[in-house]
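K.L.:
Build the full structure now, drawing on both the sequences and the hints.
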Amino acid sequence: MGDLKLTNLNKAFGTVHVLHDVNLQIDDGEFVVFVGPSGCGKSTLLRIIAGLEDVTSGAIAIGGRDVGALSPAERKIAMVFQSYALYPHMSVRKNLAFGLENLKFKRAEIDARITEAARMLAIEPYLDRRPKQLSGGQRQRVAIGRAIVRDPDIFLFDEPLSNLDAALRVQTRAEITKLHREMQTTMIYVTHDQVEAMTMADKIVVLRAGRIEQVGSPLELFDHPRNLFVAGFLGSPRMNILKGRVVIGDDRSVLVDVGYPTLLRSDVDPAKVTAGQEVLAGVRPAHFALSDSEGLPFEVQYHESLGTETYVYGNLQGQSAQVIVHRYGHFAPAPGAILKITPQDDRLHVFDPASELALGRVSGRA
Amino acid sequence: MSGNVSAIGFFTRTRRAGRIDITDILSWLWLIGGTLAVLVPVLWAGMSSLKPEAEITRFPPTLLPRTAIQVEVQGFDKPLSLWNVTVDGETREMAMVRRIGLKAQMVDPANPGKPVSVDTRTISPVQRLTVATQNYTDPLTRFSFLTFLKNSVFVTFVATLLTLIVNALAAFALSKYRFRGDKAIFVLIISTLMIPLTVVMVPAYLVIVGVGLVDNLWGVIIPTVASPTGVFLLRQYMLTIPDELIEAARVDAASEFRIFWRIVLPLTAPALAVLAIFSVLWRWNDFLWPLIVLSSRENFTLQVGLNAFQGEFSVQWHYILAMTFLSLIPVTLVFLFLQRYITTGIAGTGMK
Amino acid sequence: MARAAGLADRALDLVMALFEAPINAIERVIGKGRMPYLFLAPNLVLFGIFTFLPIAIAIGYAFTGGADLLISNRPFVGLDNFRKLLACDSYLVPGSCEESLFWTAIWNTLWFVGFNVAATLLVALVTALILNRAIAARGFFRAMFFYPVLLSPVVIGLIWKWFLDRNGLLNAFLQMLGVPPEIFLLDVGWSRFFVVVVSVWFHMGFYTLILLAGLQAIPKDLYEAAAIDAATPSRTLFRITLPLLGPNLLVVLILLMIRSVQIFDEAWVLTNGGGPGTANTFIVQYIYQMAFAGDLRLYGLASAASVLMGLVLLVLTLVQLRLGKKVES
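Residue numbers (my numbering), protein chains in the order written: chain W, 113 to 478; chain V, 35 to 386; chain D, -17 to 311.
Think of the hints as simulated: they come from the structure by calculation, not from any bench. Backbone N, C-alpha and C define an ideal beta-carbon position, used for all residues, glycine too. Check before you lean on any hint, since a few could be wrong.
Said to hold, decoys possible - Partner residues are not named here, just some residues of chain V that face chain D (Cβ under 7 Å, in silico): (1) Gly109; (2) Pro237; (3) Val259; (4) Ala260; (5) Gln337.
Claimed, not checked - Some chain V residues flagged as far from chain W (calculated, every beta-carbon gap over 12 Å): (6) Pro143; (7) Val221; (8) Pro230; (9) Gly244; (10) Ser289.
Claimed, not checked - Dumping the calculated DSSO-like pairs for lysine-lysine here, alpha-carbon to alpha-carbon at most 27 Å: (11) V:Lys217 with D:Lys307; (12) W:Lys188 with W:Lys218; (13) W:Lys216 with D:Lys307.
P.N.:
What follows is the structure in structure tokens.
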């Protein structure tokens, strides 16, 4: 069974602590994406699961079995490496067979598995070529094929698309997702690309500086980021952050004053805040509504037209950070023009500036 | 002043098409002169090795190996020497019967009748281009040359094989693992580069005595199998093999030895080839160490044997040169076929 | 080619089959983490026995006397060997030294090193500079100059001995010019001269190759920039080429010096064991004769001389590396 449980995992290289108390449960058959900025420890975590690095402390269990002391080969995992790591001196067929031979599989079984994997990935014509004679996309398939023939409990992917060009990346992304649907095997996928994370994952694990920031489905994380970091990391362009103060409305609702007559409506539990408390209000660029009469006065600096959509860059007086507003279609405000903008209902994220934690609208697990 | 500048310009200016100046001429003189300096002594020895014993010390020497012709003539017990004789304005080849003062008695070898007397100043010996193959065949059959050859081949082959394996294993450990003491061990090995064999040859010989390998080919082979240059060259190459390949193999359930043997070793082939070529040259040409270790003739390598020969047959240059040339052939072949490998290998590693 | 590769594969498989089971058994016992020690073991054992142990022995023997091999049978003589080697009225006059052959060998070696290093460096540098020009058939010439490097010292000694023979080609050539023949190798001056010539002939190709590699690593655009800056050829040579070649020159100088100090094989064959007399007896030959060639095997004295030579080599290397660093910074 391909379920995975990490308990109080710590990893240090000498004096450098790269993973802090990682606890994580992954269910059988899930597609889980580890995402985070470079140096956050996501690759180290994957390599620890693979058995390529040992842990400083903590436990790893696969299918309920403690695998901490086992070699990679004994963990029933297979891995697709960033550089593909195909053996350059072996044909594609030999590459696929190498692991099975090491495990002393019968020749007939090896051939059957290679044939099946080659069919699934449409690499039959290349079986007798060397990796050097293949294109990047073909190598990628062979690397995946090498993992498939092992019939592992868990597939591990270490940024497997980063060496492909943009078009091929989109295509391969879809193919891996399709593969997961067909095989229903646990897959753990490391990337720094939030688009890959959002499009492929059943469950995203956001890491920063060796700690798990939040775990949840892509939309949970998008809609209810647990803290400022997750809010800023997912979504492009990034969430706008405004400084403000809490105002308690007549109906006991929590409003945020960002320095203008228009107060921003939030769904924060009033029991959690006090009036006048300093907060940060987050609004994604797409979640501003424009109106002629009412709203925050947004001074346009410039805009970027992408055809189907337009990003307008500008400031709010009294707010230091630049604010980005998203509109569909063509839109060309003159620089210096003042637009009135308001966050859409239920789309305001409120964070405590000290702890950086979200104050309301939080679901999902930490 | 201008002369000074042009002499230096000779080193720095690059040739421009369609213009030949003094620096080009000097360059070509230097290169052609150097080429001659390299080739002439070697070719001269080669030519000489083909000359028969009687010809080799002739001074001034002839360029090509020639020899006087002798013919069997009916009625004479011994073969007679053949001469060009001018009789009645006609030049003929005749055999000399005897020679008295300025007169020589000559007969026609085809039709030996009464000898005619001719003036020795008008005759010259008939010489033909002959290759004295016995210079080569004699050492092969009469002396221990074949034994020397066999010993040299054995030492070269076995030592090279061991050098490759032992140093590749060490290089693998030093390039693909992190372990306690890895840097210290690497520094220790590389530091032995500074300790040439000549410095430790006396105690190394004592060690050989201690392990009972005196006058034994293994005593020649083993001491320099572990080579700091070899470890360095192979390690630097192995560092360029991506670690992900090793990890992929580990995920593929390969044992550490299988990773070495099936993944790393095949991928290190170019560096192994360079080391193999060097090892062959080192071992084939090695002299001082075998000279110290080997004492009985049947164990001599080619170089030690050649040296012994030149001591024993100091006047028999025809044999010495022939054997010198035989020992030159493998190295020259290696050079002709692998020249590019060798020169790039040296330029890349600064080793020899 | 494909068949050869197949054969190599088969050979690799065979060895794999022989050794894999025992080595994997060891891996199971000691664990993957200790495998590098196993891989290093053969190398380190050999280094230990044939490099580090000899160093220890050399130091030990240097302080003992007698002709016995077993160190337990050798009387401890303290610094006697060193004192004997160093006892001298005037170091400039080997005859006034207790161990006069040692000092003869030292002075011969010093002279040889001086001339050989200078001559080899000059010839190699000039050749490398010429080969670095855009010259036709560069590969051919490079190979040609390199060829002697591959030959055995014994072969080279014999080839040159024949070339310089009384009836050799050089004398034939001189006779054509009307110069009387000379037995070069029996004349002190000529024999020393030709030991250097042969050494340069033997090794210059190797150093040329290193210098040429260095020259070719100098970016071409530097020369283009210098040309645009109207630098004269001499300024280009002294301000760009030679400074940038510095590290290579240093490597060449160190290697050349270390190897020159160890001159033995080709000189020994060429000069019939250091002759005429002791005109070409060098330090390694002295050690060899003391330890292996004499009636009495003076291992202690030879070891003491080895230790001294090793120290000199070490100091030479360190000094030059130091100077190199200083020049660089």
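K.L.:
The structure should be examined with respect to each hint, and the outcome stated for every one.
P.N.:
Structure-based check of each hint:
| no. | hint | in the structure |
| --- | --- | --- |
| 1 | Gly109 | violated (38 Å) |
| 2 | Pro237 | holds (4 Å) |
| 3 | Val259 | holds (6 Å) |
| 4 | Ala260 | holds (4 Å) |
| 5 | Gln337 | holds (5 Å) |
| 6 | Pro143 | holds (70 Å) |
| 7 | Val221 | holds (20 Å) |
| 8 | Pro230 | holds (37 Å) |
| 9 | Gly244 | holds (42 Å) |
| 10 | Ser289 | violated (8 Å) |
| 11 | V:Lys217 with D:Lys307 | holds (23 Å) |
| 12 | W:Lys188 with W:Lys218 | holds (18 Å) |
| 13 | W:Lys216 with D:Lys307 | violated (56 Å) |
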